[in-house]
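Taking the hints into account, I'd like the entire structure generated from these sequences.
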Amino acid sequence: MSGPSQSAGTVRSGSLFVVATPIGNLGDLSPRALETLKRVAAICAEDTRHTRQLLAHFGVERPLIALHEHNEDEIAERLVARLLAGESLALVSDAGTPLVSDPGFRLVRAARAAGVPVSPVPGPSALIAALSVAGMPSDRFVFEGFLPAKATARRERLSALAGETRTLVFYESAHRIEDALADAVAAFGAQRPATIARELTKLFETVLDGTLEDLRARVAADPNQRKGEFVLLVHGAGEDADAKVADGRRLYAKLSEHLPPSTAAKLAAELSGAPRKALYGG
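In the working numbering, each residue carries its 1-based index in the sequence shown increased by 37.
Calculated directly from the structure, the hints in this document are not laboratory data.
The reader is advised that the hints may include incorrect statements.
[Unchecked claim] Pair by pair, the computed Cβ-Cβ distance ranges are:
{"id": "1", "residue 1": "LEU240", "residue 2": "ALA188", "range": "27 to 35 Å"}
{"id": "2", "residue 1": "ALA254", "residue 2": "ALA190", "range": "20 to 28 Å"}
{"id": "3", "residue 1": "HIS94", "residue 2": "GLY275", "range": "42 to 50 Å"}
{"id": "4", "residue 1": "ARG143", "residue 2": "ALA227", "range": "54 to 62 Å"}
{"id": "5", "residue 1": "GLU307", "residue 2": "LEU240", "range": "48 to 56 Å"}
{"id": "6", "residue 1": "GLN228", "residue 2": "HIS295", "range": "21 to 29 Å"}
[As the list claims (entries may be wrong)] Computed cross-link-like contacts, BS3-like style, restricted to lysine-lysine with a CA-CA straight-line distance of at most 30 Å:
{"id": "7", "residue 1": "LYS303", "residue 2": "LYS187"}
{"id": "8", "residue 1": "LYS281", "residue 2": "LYS291"}
{"id": "9", "residue 1": "LYS239", "residue 2": "LYS187"}
{"id": "10", "residue 1": "LYS264", "residue 2": "LYS239"}
{"id": "11", "residue 1": "LYS75", "residue 2": "LYS239"}
{"id": "12", "residue 1": "LYS187", "residue 2": "LYS264"}
Here a beta-carbon is modelled for each residue, glycine too, at the ideal position from N, C-alpha and C.
Written out as structure tokens, the structure is:
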């Protein structure tokens with residue numbers, strides 16, 4: 038895709054700029070992003086303390102406006118009024134590309150509805166960074182963001198995705214990564230290929246791959262692999278995946294919440310016609 042380009046220092050008045058910031062390595066802030074942050078009237082930030090530290094590193098002094106999930110609806114109208122009055126604003130998240138599992142879409146939606154130009158300033162994204170190094174099919178993928186915090190909801194979400202043929206990408210936190218991997222094993226099967234990308238672009242960056250069971254065991258055995266921020270990628274069920282197995286795993290995930298694993302697998306196999314061993318290793 039090609040078209041007219043703008044110089045790095047061009048900041049149109051009355052525009053909202055959605056600016057990607059580093060996910061770890063500060064060297065990943067683009068020259069255009071830096072110039073935009075220097076020139077806008079104010080910067081809307083998810084956590085102003087975090088963004089103030091980033092700006093200080095680069096010698097940028099701009100007014101900051103807190104914009105997060107708890108106040109976005111309330112202040113979006115006021116921000117759009119400022120844009121319509123001719124001010125330019127930037128929107129940043131704590132790290133990476135705004136709106137990707139972060140606040141901001143309500144402001145962008147309101148600005149576009151009001152006819153305000155909204156321009157992306159592309160850059161780092163943990164989602165794309167992880168996908169680029171995972172060695173999994175990337176022509177078609179599904180981004181599921183963060184899994185539900187509660188176990189029952191998380192298992193239901195995963196079981197609903199058991200037959201998905203596209204590469205699956207999730208964000209996960211340090212205190213839930215073990216549970217998420219255990220639930221993924223139950224939903225997708227122990228042998229499904231997967232990758233964990235941890236602390237991308239940071240000092241202790243690691244990328245682990247193997248089967249889901251391999252990764253579950255490695256994370257359980259190494260406390261260092263339970264620290265930081267995670268992207269979990271799971272290989273999709275092949276295009277020729279047996280629909281019975283996918284149905285069986287969904288049933289097993291649900292039944293195992295109420296029954297012993299062996300009993301749940303037996304019933305799920307009978308109801309779906311899937312091989313019992315494909316649902317439960319016991």
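Task: Numbered hints the structure breaks, given as an ascending list - done: Number 4 only.
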